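Whole structure, please, built from the sequences with the hints as guidance.
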Amino acid sequence: MSPAAAAALAEAPGVAAVVPERVRQLATTRSPRFLGLLSSPPSALLADSDFGSDLVIAIIDTGISPTHRSFHDRGLGPVPSKWRGVCSSGPGFPPNSCNRKLVGARFFSAGYEATSGRMNETAEVRSPLDTDGHGTHTASIAAGRYVFPASTLGYARGVAAGMAPKARLAAYKVCWVGGCFDSDILAAFDAAVADGVDVVSLSVGGVVVPYYLDAIAIGAFGATEAGIVVSASAGNGGPGGLTVTNVAPWMATVGAGSMDRAFPANVQLGNGQVLDGVSVYGGPALQSGKMYELVYAGASSGAASSAADGYSASMCLDGSLDPAAVRGKIVVCDRGVNSRAAKGDVVHRAGGIGMVLANGVFDGEGLVADCHVLPATAVGAAAGDKLRKYIGSSTRQAPATGTILFEGTHLGVHPAPVVAAFSARGPNPQSPEILKPDLIAPGLNILAAWPSGVGPAGIPSDGRRTEFNILSGTSMACPHISGLAALLKAAHPTWSPAAIKSALMTTAYIKDNSNGTMVDESTGVVADVFDFGAGHVDPMRAMDPGLVYDITPVDYVNFLCNLNYTEQNIRAITRRPADCRGARRAGHAGNLNYPSMSATFAADGTRATMKTHFIRTVTNVGGGRAVYRATVRSPEGCAVTVQPRQLAFRRDGQKLSFTVRVEAAAPAKKMEPGSSQVRSGAVTWSDGRHAVNTPVVVTVQAPLQ
1 MSPAAAAALA EAPGVAAVVP ERVRQLATTR SPRFLGLLSS PPSALLADSD
51 FGSDLVIAII DTGISPTHRS FHDRGLGPVP SKWRGVCSSG PGFPPNSCNR
101 KLVGARFFSA GYEATSGRMN ETAEVRSPLD TDGHGTHTAS IAAGRYVFPA
151 STLGYARGVA AGMAPKARLA AYKVCWVGGC FDSDILAAFD AAVADGVDVV
201 SLSVGGVVVP YYLDAIAIGA FGATEAGIVV SASAGNGGPG GLTVTNVAPW
251 MATVGAGSMD RAFPANVQLG NGQVLDGVSV YGGPALQSGK MYELVYAGAS
301 SGAASSAADG YSASMCLDGS LDPAAVRGKI VVCDRGVNSR AAKGDVVHRA
351 GGIGMVLANG VFDGEGLVAD CHVLPATAVG AAAGDKLRKY IGSSTRQAPA
401 TGTILFEGTH LGVHPAPVVA AFSARGPNPQ SPEILKPDLI APGLNILAAW
451 PSGVGPAGIP SDGRRTEFNI LSGTSMACPH ISGLAALLKA AHPTWSPAAI
501 KSALMTTAYI KDNSNGTMVD ESTGVVADVF DFGAGHVDPM RAMDPGLVYD
551 ITPVDYVNFL CNLNYTEQNI RAITRRPADC RGARRAGHAG NLNYPSMSAT
601 FAADGTRATM KTHFIRTVTN VGGGRAVYRA TVRSPEGCAV TVQPRQLAFR
651 RDGQKLSFTV RVEAAAPAKK MEPGSSQVRS GAVTWSDGRH AVNTPVVVTV
701 QAPLQ
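If you use full-length UniProt numbering, the sequence shown closes out at 705, no skipped numbers anywhere.
It should be emphasised that the hints constitute simulated quantities derived from the structure, not laboratory data. Note that this is a predicted model, so its numbers are computed, not measured. One should not assume that every hint holds.
[As the list claims (entries may be wrong)] PhoX-like, lysine-lysine: derived pairs with alpha carbons at most 25 Å apart: (1) LYS611 - LYS669; (2) LYS511 - LYS611; (3) LYS611 - LYS670; (4) LYS386 - LYS290.
Okay, here's the thing in structure tokens:
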């Protein structure tokens, strides 16, 4: 469609907006126990919610594998009477595929096919069937049934379970070989709302654009207005700043952390050094006690094929390795460009006996365990440098040698959680007034259900089959929050989506199991609010948060008005005429009643101090009369005051307001143009039984010139 035709269509009666089509990408056990959700005896949250049995979670993803044991319906009651969805059939997905657990399934491909041409049905299926694995994995994290035994190639043995084991699932397939198209995602959102779901889980992300051009933000607004909680992955663009996606304030934006479980696979070098690594390789091991020659094609080792350059060979790209140079050796591959599992496949096909996947400087020390097709492990940037130097200093007479020592599954790892290196970071590139990500949840090396027709490495050459797989990504963190939101909604059916998100955020923690502030996996230094938002989710505390920050759809409209969106912009999001008359009362966009506060100041050199204020309203959900007192932890170089310092509630459901004033001193030294300083603190309301924590972040930015 030409721009002129799009403009004409936008003026047609009944058309709210015309939005450019965009392609999104997928953002890709032990977590119930790590989160305190024990089934025997049932934890308070599981017991009070009946494990989420009357709620439906929509999974907007790559479809689902309906015959997996994680989705059996034994012991479940009838399908909730409110359910209005359908079970679409097609190749590999007969009409009887749904049951009392998987209550609905649909697929959406019109946008994909309009953009990319008719689907190649020899490569993918026109049905809700999952031929990728991602959707099955995320669905079982949110609401998989208890399955024992469960493991991946012998790793992480135990009971597999989702966050809300009795919640019902509805699969909405929107992701295909060519990606996940906005029009299909928006259609899935609207269908989920019409079908009667309670929670939408979306582990898909992409470029950040204004909310009125963002199909995910538009679809999520409609869902939120219908009382549906929307949980979305923050993206895997970390550890760099400004990488967070799915940043609309009406969504829960979820980053990823680790658990206290690891899969060590260390590299022992011929010079005696041992380099820490991770892997979930489960095939034939390397010969015990034997040291293999190490080769790195990025060095002058001749490992590159005649048709490839040293860079391609260092990355182990397809066809880049010389079989004569790597046969029977362990090949070191640099991380990047192609997938981690694909590198192993390239080495395997070239005749290599094993692989060490080495991080570069940007990747830092963040490691992901993969189900490689040959003996392989991943090491951090520092270890990668040592490995490359060792190989580079070797000679023909004294070659570099080593082996990989696979140690299985280790539990009780310290410190945990840490913020995963790949987890996307703030600040919010669209509206810095809203702190994003909102919080983090387990997303590193997560065991969950896997389709029977897909190899665990996720590459065509992998002929292995496993009932469960271990994956990492904010894609895995998001459904943890989706399932927990279902449990909270079941336990507190009158709570709004904003109240549920508030409960999850204000009760989150920032301390790890070593009693220090969580660290950033990529650097090993203390993480901050742009890494973990309000903190790591704590389901048991979220059950009884004491106070919540509630937000109505009208509040969101006022927020958009205060972003200086036009009425046409807002109509594209709300799909009805906008009314900005109440926005002036809100004051500014930062006064949206959000469970965090974010102030951004320009250090232009004209002011000694910079000031702003936030107005917040909290609702008492703690069960009757209570007096809350404020404790302030001011960001460094800032003065934060709260008025009033005490909130006396007479009854449950009562709302009281307070004002937070922030005064920041101008930087003592002139800042570099375009640079910024971030300082964080918190306001905590406590009645002696509850602690309601609200992050306060102050960013001072220097002008570009």
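Sort out whether LYS670 lies within 25 Å of LYS611, counting only the CA atoms.
Distance of about 19 Å is within 25 Å: holds.
Are LYS511 and LYS611 close enough, with their CA atoms no more than 25 Å apart?
Status violated; Cα separation ~30 Å.
Decide if the proposed pair is consistent with the structure: LYS611 and LYS669, CA atoms, cutoff 25 Å inclusive.
Holds: LYS611 and LYS669 sit about 19 Å apart, inside 25 Å.
Given the hint that LYS386 pairs with LYS290, does the C-alpha gap stay at or below 25 Å?
The hint holds at about 21 Å.
Going down the numbered hints, you'll see the structure goes against just number 2.
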